[in-house]
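Input sequences plus hints: build the corresponding full structure.
Numbering (mature numbering (1 follows the signal peptide of the UniProt record, and there is no 0)), first residue to last: -26 to -1, 1 to 37.
Worth flagging that the hints you see were computed from the coordinates, not collected in a lab. The structure presented is a predicted model; accordingly, all values stated were derived computationally and were not measured. Don't take every hint at face value.
[To be verified] Derived DSBU-like pairs (lysine-lysine); straight-line CA-CA distance at most 35 Å: (1) 5 <-> 36; (2) 24 <-> 35; (3) 34 <-> 24; (4) 5 <-> 24; (5) 5 <-> 35; (6) 35 <-> 7; (7) 36 <-> 24.
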Amino acid sequence: MKNYIINSCFLSLALMLMSATAFTLAGCEEKEKVLDIETPNGELEIERDKSDGDIGVDLKKKE
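What follows is the structure, given as structure tokens:
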């Protein structure tokens, strides 16, 4: 009985560790902030993806 409990705990811990590793590696996007400007009227942010060099521009206007 005691070995069954130890094995169950070990398998549960291994499953949680594998799940956490998979979730951590799945959503990683390496982006570099090129420019970040904040003004009274809004905000401009330019980011570059380190893996393929793709550039993203995000403009947020304050109302």
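Evaluation of the provided hints:
1. 5 <-> 36: 25 Å, holds
2. 24 <-> 35: 27 Å, holds
3. 34 <-> 24: 23 Å, holds
4. 5 <-> 24: 6 Å, holds
5. 5 <-> 35: The given pair, whose Cα atoms are some 22 Å apart, holds under the 35 Å limit.
6. 35 <-> 7: 19 Å, holds
7. 36 <-> 24: 29 Å, holds
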